[in-house]
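Based on these hints, arrange chain B on the given structure of chain A.
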Amino acid sequence: MLDSSLSSLFGILFSPHMMMLMTLGVLVGLFFGIMPGLGGKLGIIFLIPFVFGMDPIPGAVFLLAMHSVVHTSGAIPSILFGIPGTGPDAATIVDGYPMTRKGEAGRALGATLCASGIGGVIGAVFLSLLLPSVEPIVLAFSPAEFFLLAVLGITFIAALSGDSLVKGLIVGLFGLIIATVGLDPVSGQDRYTFGQLFLWDGIDPVTAVIAIFAIPEMVALALRGNLTAGRSETSYSMSDVVRGCIDVFRHWFLTLRTSLIGAFIGLIPGLGGDVASWLCYGHAVQSSKTPERFGKGAVEGVIAPETANNSKEGGALLPTLYFGIPGSSGMAILLGAFVMLGIQPGPGFAAGKSDVVWALIWTLAIANILAVLLLLAMAPWLSRIAGLRTGLLIPFVIALSLLGSYLGAGAWQNFMLFLGLGALGWLFKKYDWPRPPFVIGIVLGPIAENSFHKAMALWGPAFLLRPLSLVLLAIIAATLVLYIIRARREAVAT
Amino acid sequence: MNRILALTASLILLALGSIQQAGAQSNLFDGKTITYIVATKPGGGYDTMGRLVARFLEKHLPGSRVIVKNVPGAAHLIGAKMINSADADGLTIGTFNTGLISWQLTATETDGLDLARMSWIGKAASEKRVLVVSAKSGLNSLDDLRKPDHKVKMAASGKGAASYQETRMLTRAFGLNLEIIPGYEGTEAELAMLRGEIEAYVGSESSLKPFIANGNGKIILEIGGQADSPNPQASAHARDDTAKAIIDFIATQAQLSRLTAGPPGIPADQLKALREAYMAALADPELVAEAEKLELPIAPASGDAVAERVRAAFDQPPATLALLKELLQEE
Chain A
1 MLDSSLSSLF
11 GILFSPHMMM
21 LMTLGVLVGL
31 FFGIMPGLGG
41 KLGIIFLIPF
51 VFGMDPIPGA
61 VFLLAMHSVV
71 HTSGAIPSIL
81 FGIPGTGPDA
91 ATIVDGYPMT
101 RKGEAGRALG
111 ATLCASGIGG
121 VIGAVFLSLL
131 LPSVEPIVLA
141 FSPAEFFLLA
151 VLGITFIAAL
161 SGDSLVKGLI
171 VGLFGLIIAT
181 VGLDPVSGQD
191 RYTFGQLFLW
201 DGIDPVTAVI
211 AIFAIPEMVA
221 LALRGNLTAG
231 RSETSYSMSD
241 VVRGCIDVFR
251 HWFLTLRTSL
261 IGAFIGLIPG
271 LGGDVASWLC
281 YGHAVQSSKT
291 PERFGKGAVE
301 GVIAPETANN
311 SKEGGALLPT
321 LYFGIPGSSG
331 MAILLGAFVM
341 LGIQPGPGFA
351 AGKSDVVWAL
361 IWTLAIANIL
371 AVLLLLAMAP
381 WLSRIAGLRT
391 GLLIPFVIAL
401 SLLGSYLGAG
411 AWQNFMLFLG
421 LGALGWLFKK
431 YDWPRPPFVI
441 GIVLGPIAEN
451 SFHKAMALWG
461 PAFLLRPLSL
471 VLLAIIAATL
481 VLYIIRARRE
491 AVAT
Chain B
495 MNRILALTAS
505 LILLALGSIQ
515 QAGAQSNLFD
525 GKTITYIVAT
535 KPGGGYDTMG
545 RLVARFLEKH
555 LPGSRVIVKN
565 VPGAAHLIGA
575 KMINSADADG
585 LTIGTFNTGL
595 ISWQLTATET
605 DGLDLARMSW
615 IGKAASEKRV
625 LVVSAKSGLN
635 SLDDLRKPDH
645 KVKMAASGKG
655 AASYQETRML
665 TRAFGLNLEI
675 IPGYEGTEAE
685 LAMLRGEIEA
695 YVGSESSLKP
705 FIANGNGKII
715 LEIGGQADSP
725 NPQASAHARD
735 DTAKAIIDFI
745 ATQAQLSRLT
755 AGPPGIPADQ
765 LKALREAYMA
775 ALADPELVAE
785 AEKLELPIAP
795 ASGDAVAERV
805 RAAFDQPPAT
815 LALLKELLQE
825 E
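These protein sequence lines are chains A and B, in that order.
Numbered according to my numbering, the first sequence spans residues 1 to 494.
Numbered according to my numbering, the second sequence spans residues 495 to 825.
If we strip away everything but chain A, and leave its shape as in the complex, we get:
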């Protein structure tokens, strides 16, 4: 095993052909990540005509290098402008953007790059260690466990809600209600669509996140006036970036934990990148000794989602390669491309064709490191964009948000929705209500609802008594108890 692993590594590192493909793939991936609304899925669709006719390993290396780094650059617009480059980078806004407003853009970028790189490498390690024994783990998660995982995520709302549990829960439940807009997953009945076809598919989470976070910030900036002032506070120096990198190592245990959680969520088909980053964000808040700093520019709030959305790629490859069944739409397209290249995943593949498997594992690791190095080299140039005058920044961000929302959902009516949700976000901000629970509600709502229906149809209420269900219920209970103990202690202290 070590033999084939090392020969595969050297085969990539010492082949100029492979390294050029890898670099090209990474560059394309970084571009598709940084442009709001594009993302890795579209990246593969764009590249498929080019890999047509390539040999299997170079073609797969090229595609995977592209797909595995989109979230590294996707966090950059989250941090600088409050607009996520890709859906899973939305969680990074919550603390990344306030860091920029505090003048810590460089530090946030440094943290996001290092966290992404380390997350990606840990994801690759996770993939290599678990590939032989993944079957029982993947098959252990049925709709019953999906439902309880979603409930666990929603329980984190308690920890995320800042000063008031009640406010957090109200906002979170409101997010859950918004998540029910669209066709009922079971009966096909349309709900809250008001005769509008574009609402049949529900509220696009990317639109919701951009509207709830970016628009209120821009309104606040505009209201503060001073539109023609010189360079804004967002410009930074390289020493800031280095400081952010060091932060990741200072919080090494959090980095490790969220990388592993991210990879694990990636491994369970059907949960996806959004769930990975938001759950890890929730975990960072919930496990912090000073949760009140979150949402105001805590560097851990950047580290957690960014490690997760890169490490989940390694996890997501597991069921894709082992069963030949993709866990997400992005993986489905990647799988389709692999099949086109002559790579046919399945149980035999994971055990047998070790050269292809090792090439994929090494690609994950090397591409992630390469992406960080390339972006570090570009960091001074990014600072120039970040240093735009407020008067230029606001229209730029609004245009970029609208573009991201349009590309994400593809319907012009979404602009109305965008404005409505933007106004709501502004009210949340103005009256100091927490915004992250709202987004968690939207992201987890459909998973919770759909899995609950299925679990009830299959087992009735007894689904809560399955062994893994009981474990998850225990974790949920422990989370709540911990929260209550901490809240009491704080109440006594004040």
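If you are wondering where the hints come from, they were derived from the structure by calculation, not from laboratory data.
Beta carbons are placed, not taken as given, at the ideal position from N, Cα and C, and that holds for glycine.
Among the clues, some could well be false.
Unchecked claim - Taking CB as the label site, the calculated pair distances span: (1) B:G759 x A:A220: 47 to 55 Å; (2) A:S187 x B:T527: 36 to 44 Å; (3) B:P812 x A:V166: 55 to 63 Å; (4) B:D798 x A:P49: 28 to 36 Å; (5) B:Q823 x A:G11: 55 to 63 Å; (6) B:R666 x A:S187: 17 to 25 Å; (7) B:A774 x A:L256: 53 to 61 Å; (8) A:A140 x B:A707: 23 to 31 Å; (9) A:P347 x B:R611: 43 to 51 Å.
Leaving out everything else, chain B in the frame of chain A:
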């Protein structure tokens, strides 16, 4: 190395906007831009096939430019409506799910969309539908699905989806004892069969092929296949008229797969040119080779044949129509 150079060059070319060469021969679509609407998000079978057809239509309509536009949403309805309401000049065409035939049969408000009136340009494939039982279930034949003491758990996506409606139709046609568990999207049904919570599933043969090849299940019934197919044909099991009508209806939708259509009333000249270019594109050896690599089955038919079959699906004896409506309607 050359390949990398070529790749880089192509990327740059693409970024600059592809350069079009005007065809030498004069043509109705010379210098025109055709918008090809795909009624799903990027990725997936409809999108892949749509892009392939669009690319080769451009080749076989000299001087034209065919751009693909994804208009996803509402189970292909938004894209289909957009095609239907476009100007009938042949410059807006596209692809959507044949399942809209079922939708139209039961819809109370169709918003002007009438599939029988659309300008059919052709179809690219026959997606055979199969009833698959999982290896874990221990089920082996259609008879095992009739046992009164055991309700077989079937996966389906939401009510109104093809898997759901076809499961109901098969239940009626063959007197099966099934319980539908809705909410399984895409490949979730396959995972659920691996886990064991779901025992059987109705889906398209091409998408279930790897699942079966990996030894995870077997086909016990096929709809829309040829007589020489290795799988048991549903039409051979259909004893009475009801069963025959039901199987025929499913087969019609199955055989008209990956279709291309335009709005009603495209002038005869344009329609003829589009149909000819379509058939030429589908016969193009390059397209055939690419489709084979992508594992997209190809079985083309021209627009006039498609139009006839679509009209036939709506033009049935009242008793049959009433039965189909009842089965398609949500409870």
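Quick rundown of the hints versus the structure:
In this structure the hint that B:G759 and A:A220 lie 47 to 55 Å apart at CB holds, the actual value being about 53 Å. The hint said 36 to 44 Å for the Cβ distance between A:S187 and B:T527, and at roughly 41 Å that hint holds. With their beta carbons about 59 Å apart, B:P812 and A:V166 fall inside the hinted range of 55 to 63 Å. In this structure the hint that B:D798 and A:P49 lie 28 to 36 Å apart at CB holds, the actual value being about 32 Å.
For B:Q823 and A:G11, the Cβ-Cβ distance of about 59 Å falls inside the hinted range of 55 to 63 Å, so the restraint holds. Against the hinted window of 17 to 25 Å, the Cβ-Cβ separation of B:R666 and A:S187 comes to about 20 Å, which satisfies the hint. The hint said 53 to 61 Å for the Cβ distance between B:A774 and A:L256, and at roughly 59 Å that hint holds. Taking 23 to 31 Å as the suggested C-beta distance range, the pair A:A140 and B:A707 conforms, at roughly 25 Å.
Checked against the hint of 43 to 51 Å, the C-beta distance between A:P347 and B:R611 comes to roughly 49 Å, which is consistent with it.
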